[in-house]
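K.L.:
Protein sequence lines correspond, in order, to chains A and B. Under the numbering used here, the first residue of the first sequence carries the number 981, and numbering increases by one thereafter. Under the numbering used here, the first residue of the second sequence carries the number 102, and numbering increases by one thereafter.
FYI, nobody ran anything at the bench for these hints, they're computed from the structure. These numbers come from a predicted model, not from an experiment. Every residue, glycine too, gets a C-beta built ideally from N, C-alpha and C. Take these hints with a grain of salt, some might be off.
Using 30 Å as the maximum straight-line C-alpha spacing, the simulated DSS-like pairs for lysine-lysine come out as follows [unchecked claim]:
1. A:Lys1034 - B:Lys167
2. B:Lys272 - B:Lys243
3. A:Lys1034 - B:Lys243
4. A:Lys1038 - B:Lys243
5. B:Lys167 - A:Lys1038
Residues from chain B shown here face chain A by an in silico Cβ test under 8 Å; the list is partial [unchecked claim]:
6. Ala123
7. Glu126
8. Gln134
9. Tyr137
10. Gly138
11. Asp152
12. Thr163
13. Asp189
14. His190
15. Thr194
16. Phe221
17. Ile245
18. Lys260
19. Gln261
20. Leu264
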Amino acid sequence: MADALSGRLDQVVDTVLARGDATAALSDAELAPLVRVAAELRHYPSPEFRARLKATLKERTMMTTTLSAAPPTTTRAREGFTTITPYVMASDSGFTEFVKQVFGAVETETTRTPRGVHRELRIGNSMLMVGESDQDTGVPVRPSAYHIFVDDPDGTYRRALAAGATSLGEPADRPYGERSGFVQDAMGNYWYISRSLRGPAIPEGLRTLTVYLHPASVADYIDFLTRAFGAVEDARHHDPNGRVMHAQVRLGNAVLEMGEPDPPRSMPTTFYLYVDDADALYHRAVAAGATSLAPPADMSYGDRVGSVQDSTGTIWYIARPAG
Amino acid sequence: MAVTIDEDDERALIEAAQADPARFEGLYDRYVQRVYGFVSRRVGNRATAEDITSAVFEQALTSLPKFEWRGVPFAAWLIRIAANAITDHWRRTARESGDAAPEMPDAGEMDATEQRAILFQLVERLPALQRRVIEQRFGEEKSIREIAAALQRTEGAVKQLQLRALENLRKGMRHG
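Whole structure, please, built from the sequences with the hints as guidance.
P.N.:
Below, the structure written as structure tokens:
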């Protein structure tokens, strides 16, 4: 009898596993309770899959713990700088002149190098580095996008047009709580010129200037930033189609903003990252999938710097400041 | 042989993993079957269920520092991540399949998910041979003939082991 039952049961199990209709077996009083169990067991995960995923996760956690799960610290950051400084590559002084003229940037440092000029500019409470060279420095000159807060977005927008920028959108009150006008400068950079409609001109947690990234997948990019640099996600907003319109992450004491462009437009950029342990963060970034451009080394200007490029093309100089 | 989902040390496991990601393994072991069972039930395709389950745990590992203990079971948090991942999967494939996206899990489905998790835990506690038959038959979808060859038993013996295992599981669920 038991043989007959085990045979009948196995035929039903075959049907269950083939996603077939096993409801007829439910009228068999002896089989019915076993068939219900079998139907649930169809969703039993394969031991091989469980072991494989466990190994993958373990590899990832070991990677992050070995290289410290904590976000980078910048106790040694230079006066006025935060963890992240946008590093603008330019072929001439056009960019510097534009930000001085339109945003009132002040040049705080000028260093002549064999290949060109290194400038440091302060805009409001943010810092920018500019590398000007008419030679091939190995770092491409390419446009980026910037979210900049000003007291008078309308006036700043007009100054930008007068300085040679073209309009991408006239100043208007936006549903996300800012009055913003959009321009593209002669070098191709996008400027989202804004003032918060609530409270002070700069929303809490942000500074005058924030680089705005446009990765094809914000989710993937935040995942990378988390693994590589210990970034912490502060906000993510989707449109009804699931596209990430805006997201914000913190990295050390700096903030990055990003949104998935429609239509897609990749705008990789370059960052100078001040951290206490450049070697550890460089290795962590490479372990997280970034491509090494140069391992950490002591530079003539005192910083210890390593560089990597992420999958979006953005270049990260990871530096321990001199001193 | 009754099993209950013990919630007592859940908080300790979560806090340990938040402090040290290497401890995430404990959470994974505890919840992987539940998440997979939930996903599999909704997508009905083993390869897709495995892909989505992987994505859920990757996401959970990334988001764990943000998980706040407010008495909401960790399992419910994982299932929400899983439901979102399934919705994303549906969005990507909707154009081909024309299917509507599934709803978020309701209380009935959460209960079914819990019951399934208990059943899967019972599998772990079966006598070794019965457990291997269930793992291979259902987890790897092998035929009786393949399992008989792997275990060096007759096909009749494997069918008997399958019957005994299902009977034991049914008893465990009834008393669970």
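K.L.:
Against this structure, judge whether each hint is valid.
P.N.:
Verification of the hints:
{"no.": "1", "hint": "A:Lys1034 - B:Lys167", "verdict": "holds (22 Å)"}
{"no.": "2", "hint": "B:Lys272 - B:Lys243", "verdict": "holds (25 Å)"}
{"no.": "3", "hint": "A:Lys1034 - B:Lys243", "verdict": "holds (23 Å)"}
{"no.": "4", "hint": "A:Lys1038 - B:Lys243", "verdict": "holds (28 Å)"}
{"no.": "5", "hint": "B:Lys167 - A:Lys1038", "verdict": "holds (20 Å)"}
{"no.": "6", "hint": "Ala123", "verdict": "holds (5 Å)"}
{"no.": "7", "hint": "Glu126", "verdict": "holds (6 Å)"}
{"no.": "8", "hint": "Gln134", "verdict": "holds (6 Å)"}
{"no.": "9", "hint": "Tyr137", "verdict": "holds (4 Å)"}
{"no.": "10", "hint": "Gly138", "verdict": "holds (5 Å)"}
{"no.": "11", "hint": "Asp152", "verdict": "violated (10 Å)"}
{"no.": "12", "hint": "Thr163", "verdict": "holds (5 Å)"}
{"no.": "13", "hint": "Asp189", "verdict": "holds (7 Å)"}
{"no.": "14", "hint": "His190", "verdict": "violated (11 Å)"}
{"no.": "15", "hint": "Thr194", "verdict": "violated (13 Å)"}
{"no.": "16", "hint": "Phe221", "verdict": "holds (6 Å)"}
{"no.": "17", "hint": "Ile245", "verdict": "holds (6 Å)"}
{"no.": "18", "hint": "Lys260", "verdict": "holds (4 Å)"}
{"no.": "19", "hint": "Gln261", "verdict": "holds (5 Å)"}
{"no.": "20", "hint": "Leu264", "verdict": "holds (4 Å)"}
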